[in-house]
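Enquirer: In case you want the letters, here they are:
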Amino acid sequence: MELGLVIEHYVLLATAIFAIGAIGFLMRRNVLVQLMSIELMLNSVNLTLVAFNRRFSGDMNGHMFAFFIIAVAAAEVAVGLAIVLQFYRLRGSVHSDEASSLRH
Amino acid sequence: MTPGSVLFAVCAALCLSGALLVVTAKNPIRSAMGLLTTIIGIAGLFLRLNAQFLAAMQILVYAGAVVILFVFVVMLLGPGAGADAKPLQRPSFSQLVAGGLVAFLGALAIGLIGNGDEHLFGPIDATTHGSVAAVGGRIFKQGLVPFELATALLLVAVVGAIAVARSRPSGLRPKAKVVENPTTRMFKGPVNRPGAAGAARENA
Chain A
271 MELGLVIEHY VLLATAIFAI GAIGFLMRRN VLVQLMSIEL MLNSVNLTLV
321 AFNRRFSGDM NGHMFAFFII AVAAAEVAVG LAIVLQFYRL RGSVHSDEAS
371 SLRH
Chain B
5 MTPGSVLFAV CAALCLSGAL LVVTAKNPIR SAMGLLTTII GIAGLFLRLN
55 AQFLAAMQIL VYAGAVVILF VFVVMLLGPG AGADAKPLQR PSFSQLVAGG
105 LVAFLGALAI GLIGNGDEHL FGPIDATTHG SVAAVGGRIF KQGLVPFELA
155 TALLLVAVVG AIAVARSRPS GLRPKAKVVE NPTTRMFKGP VNRPGAAGAA
205 RENA
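Order-wise, the sequence lines are chains A and B.
Here this note's numbering is used: the first residue of the first sequence is 271, the next is one more, and so on.
Here this note's numbering is used: the first residue of the second sequence is 5, the next is one more, and so on.
Chain A with its partners taken away, still in its complex shape:
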């Protein structure tokens, strides 16, 4: 069988990328790496959307949603990195455990 012609391959690959991203978000304490892990998860979701749109190819809805996810991810990264910059100025570190000002 030709590799990559079956939707299961794409779903498995996207599952693996999503799991790696989620684990990275939970395990790492560097805010930059955590943001990159979020990007990994968003990318894997995009992959499933496009793969399912290829499988049920009546319209371009999956592509449209993936397009919006890309736009929202770009906005999220811009604001998130600005917050990381401010956080570094405030605490002198990008360690996410340092963000404890709201802890009573």
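A couple of the hints might just be wrong.
Computed spacing ranges between beta-carbons, pair by pair [to be verified]:
{"hint": "1", "chain 1": "B", "residue 1": "G110", "chain 2": "A", "residue 2": "G328", "range": "30 to 40 angstroms"}
{"hint": "2", "chain 1": "B", "residue 1": "V10", "chain 2": "A", "residue 2": "R373", "range": "48 to 58 angstroms"}
{"hint": "3", "chain 1": "A", "residue 1": "L273", "chain 2": "B", "residue 2": "F108", "range": "18 to 28 angstroms"}
{"hint": "4", "chain 1": "A", "residue 1": "R361", "chain 2": "B", "residue 2": "R170", "range": "17 to 27 angstroms"}
{"hint": "5", "chain 1": "B", "residue 1": "V101", "chain 2": "A", "residue 2": "A369", "range": "32 to 42 angstroms"}
{"hint": "6", "chain 1": "A", "residue 1": "R361", "chain 2": "B", "residue 2": "L100", "range": "21 to 31 angstroms"}
{"hint": "7", "chain 1": "A", "residue 1": "F326", "chain 2": "B", "residue 2": "L148", "range": "17 to 27 angstroms"}
{"hint": "8", "chain 1": "B", "residue 1": "F108", "chain 2": "A", "residue 2": "G362", "range": "35 to 45 angstroms"}
{"hint": "9", "chain 1": "A", "residue 1": "A369", "chain 2": "B", "residue 2": "G115", "range": "33 to 43 angstroms"}
{"hint": "10", "chain 1": "A", "residue 1": "L273", "chain 2": "B", "residue 2": "S171", "range": "27 to 37 angstroms"}
{"hint": "11", "chain 1": "B", "residue 1": "Q56", "chain 2": "A", "residue 2": "H374", "range": "49 to 59 angstroms"}
{"hint": "12", "chain 1": "A", "residue 1": "R361", "chain 2": "B", "residue 2": "V136", "range": "25 to 35 angstroms"}
Here chain A is said to cover these stretches of chain B; the calculated rule only asks that three of the stretch's residues, wherever they fall, bring their Cβ under 8 angstroms from a Cβ of chain A [stated by the list, open to error]:
{"hint": "13", "segment": "12-23"}
{"hint": "14", "segment": "79-85"}
{"hint": "15", "segment": "137-144"}
Simulated from the structure, these hints should not be mistaken for laboratory data.
All C-beta atoms, glycine included, are put in the ideal place defined by N, C-alpha and C.
Position chain B against the provided structure of chain A, taking the given hints into account.
Expert: Only chain B this time, still in chain A's reference frame:
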């Protein structure tokens, strides 16, 4: 092995190795390069799935903007960007959640493989599926309002990012020099500083 199979295998390997590099690298620059590898791999998979427009968008937006932003921030932070976790002694709550997630997703994947019947991709019109005209028509006919909202979102995000990044952290407080700890000052009336009161009396 057809060319399509080779493309899928190469792109899947790129995606997985890049994702692992993002999570495991100590240096954030290496993590950013891993993210770039994953993004290029996913763009290749988009091409395999006849999503030419999204593959171009993926390269333009992610590789061209997002990864560059990450690299710029790492450059601005300097050596402080690499400061990561102190060595973890005992499994924390996050690690337990991560382990449970791995177990769940692994079981899900094994169940998916063991299910047996696989779903082939059907035939499509390869000239129009995923082209700029098809996706653009879909966006502008069915998704016009979300599209305009996305433009507003991007504008607000850009203005907000500039506003957040330019302000100093101390700018959040009023300009008066706060001397005493505000938590101990609350509900206690005016400050009675002997020196200050004496000076005021002398002035009077």
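Enquirer: With reference to the structure, classify each hint as holding or not holding.
Expert: So, going through the hints one by one against the coordinates:
no.	hint	in the structure
1	B:G110 to A:G328: 30 to 40 angstroms	33 angstroms, holds
2	B:V10 to A:R373: 48 to 58 angstroms	52 angstroms, holds
3	A:L273 to B:F108: 18 to 28 angstroms	26 angstroms, holds
4	A:R361 to B:R170: 17 to 27 angstroms	18 angstroms, holds
5	B:V101 to A:A369: 32 to 42 angstroms	19 angstroms, violated
6	A:R361 to B:L100: 21 to 31 angstroms	27 angstroms, holds
7	A:F326 to B:L148: 17 to 27 angstroms	23 angstroms, holds
8	B:F108 to A:G362: 35 to 45 angstroms	38 angstroms, holds
9	A:A369 to B:G115: 33 to 43 angstroms	38 angstroms, holds
10	A:L273 to B:S171: 27 to 37 angstroms	52 angstroms, violated
11	B:Q56 to A:H374: 49 to 59 angstroms	53 angstroms, holds
12	A:R361 to B:V136: 25 to 35 angstroms	45 angstroms, violated
13	12-23	holds (count 6)
14	79-85	holds (count 4)
15	137-144	holds (count 5)
Violated hints, in rising order: 5, 10, 12; the structure is consistent with all others.
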